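There are 2 protein chains.
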Amino acid sequence: MTPSNRIPPTPSIQRLPSYLRVLREARARGERSASAAKIAEELGRQSVQVRKDLAITGVLGRPKVGFKIDELIGAIQSFLGWDQKTTAYLFGVGNLGTAILNYPGFVANGLEIVEVFDANPKLIGKKICGRTVRAPYEAPTLAREFREAFGKSVDMGIVTAPGAAAQSVADVLVESEIHAVWNFAPVTLDLPKSVLCENVKLSESFAVLTRRMKEREEEKAGGKKSR
Amino acid sequence: MTPSNRIPPTPSIQRLPSYLRVLREARARGERSASAAKIAEELGRQSVQVRKDLAITGVLGRPKVGFKIDELIGAIQSFLGWDQKTTAYLFGVGNLGTAILNYPGFVANGLEIVEVFDANPKLIGKKICGRTVRAPYEAPTLAREFREAFGKSVDMGIVTAPGAAAQSVADVLVESEIHAVWNFAPVTLDLPKSVLCENVKLSESFAVLTRRMKEREEEKAGGKKSR
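Each protein sequence line maps, in turn, to chains A and B.
Residue numbering for the first sequence follows the working numbering, beginning at 154 and increasing consecutively.
Residue numbering for the second sequence follows the working numbering, beginning at 154 and increasing consecutively.
Keep in mind the hints are simulated off the structure, nothing from the lab.
Computed from a prediction, not measured in an experiment: that's the story for all the values here.
All residues carry an ideal CB built from backbone N, CA and C; glycine is no exception.
There's no promise every hint is true.
To be verified - Calculated pairs, DSS-like style, for lysine-lysine (alpha carbon to alpha carbon, straight line, at most 30 Å): (1) A:238 with A:221; (2) B:354 with A:280; (3) B:238 with A:367; (4) B:275 with A:275; (5) A:238 with A:280.
As the list claims (entries may be wrong) - Computed footprint of chain A on chain B; a stretch qualifies when at least three of its residues, placed anywhere within it, have a C-beta under 8 Å from a C-beta of chain A: (6) 167-174; (7) 232-245; (8) 256-268; (9) 348-359; (10) 362-369.
Said to hold, decoys possible - Taking beta-carbon pairs under 7 Å as the criterion, some of the chain B residues facing chain A (in silico): (11) 163; (12) 248; (13) 249; (14) 251; (15) 252; (16) 333; (17) 335; (18) 339.
Bound-form chain A, shown alone (with noise of 0.2 Å):
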């Protein structure tokens, strides 16, 4: 069984990224090889986690030397695209867009904005990062150009418009022939089944930190027995 032949697990695909960010720390500190416990053990997870999640690339340790560092790397890299450039329009340049178009890591894992776009006639025509803002409506003509000059769609369509205005970018998106959203809207995206979305829900993690404040309260106030 090749690893292409089933779907792996998204909490895995989710892991990977730590995986290669202890990796590349390693490789910037001379090292050739790591084994999964010591992956782990920066991380402060289960080696056999470990061992799970990097199976999903193909790639095998080997007992006592471990992972060859180089290989391994490729390997997630490949595992999940980022070998690869990923184009993409980014839909609205405020705060969350902008830092979306100033943060390395993407570039690093091979995400290229090609083009962006608000709403706010404002910003219709400034430039932001390099990049001359365009207004919502062009992005389909635009893509079309795209498509001509290289032979594909635009990879990808990222939504970090306000929730009242996401779903007329997504149906831009759509009529752009874009097939994976990355949505940052607190929304959920009516969307073609044809469409890959993702969604970032920064309010999941919030609810979680503050459930869990609340828990050690609890706790605190009434010395209640909690698992």
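Here the structure of chain A is known, so what remains is to put chain B in place on it, guided by the hints.
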């Protein structure tokens, strides 16, 4: 068994904010009750999951009637600690920090950022969203004054500093007697066990999306059977 007697599972907690959003929208439309099936449908989920998730708040729906919307909103807010203020120090007022400062969703759920800090000397003393930017070294003193004034520590530290600066910010947080960290920096912070930490890893969701895109490409290219 009351809800607080056992630790509710993280995925259930993560889904609560989306239920809250759907319920608030329903209330705004003038609705008074909602069924798990209806909530599930709006979010494209299974109603059995919605029912299980909502059960952790201690509120039970009634056959045919479903949940009373007001009661359920109150229960979710209380369960998450969103019915009370969560005071926070924000470290890093770059684009991401400013996005959090401006995001109305967090304020609506109790987040109150009481001080903002940045290590950049050009920003210190400047006003951002009505708050004067302070130097990080001032935090422990300000936090002590806060404790003296309000009889409790600042609840949360939000870290949006770059990776290389994040650990020194974390040390300042600990020195400021803050016991919960919401970390947006792409590093694992070294913190005492008594400090709660929730990491927001944008690269996790980027990885899931690019991997799913790659799987779809492979499917198209090779006509391979994928499950």
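Structure-based check of each hint:
1. A:238 with A:221: Holds, at roughly 25 Å.
2. B:354 with A:280: holds (28 Å)
3. B:238 with A:367: holds (12 Å)
4. B:275 with A:275: Roughly 26 Å between the alpha carbons, so the hint for residue 275 of chain B and residue 275 of chain A holds.
5. A:238 with A:280: holds (23 Å)
6. 167-174: Answer holds; 6 residues pass the 8 Å Cβ test.
7. 232-245: holds (count 5)
8. 256-268: holds (count 6)
9. 348-359: holds (count 10)
10. 362-369: holds (count 8)
11. 163: Since chain A brings a Cβ to about 6 Å from residue 163 of chain B, closer than 7 Å, the hint holds.
12. 248: This hint holds: residue 248 of chain B lies near chain A, its Cβ roughly 4 Å from the closest one there, short of 7 Å.
13. 249: At about 4 Å, which falls below the 7 Å cut-off, the nearest Cβ of chain A leaves the hint on residue 249 of chain B intact, so it holds.
14. 251: holds (4 Å)
15. 252: Since chain A brings a Cβ to about 4 Å from residue 252 of chain B, closer than 7 Å, the hint holds.
16. 333: holds (5 Å)
17. 335: holds (6 Å)
18. 339: Because about 6 Å separates residue 339 of chain B from the closest Cβ in chain A, which is inside the 7 Å limit, the hint holds.
No hint from the list above goes unmet by this structure.
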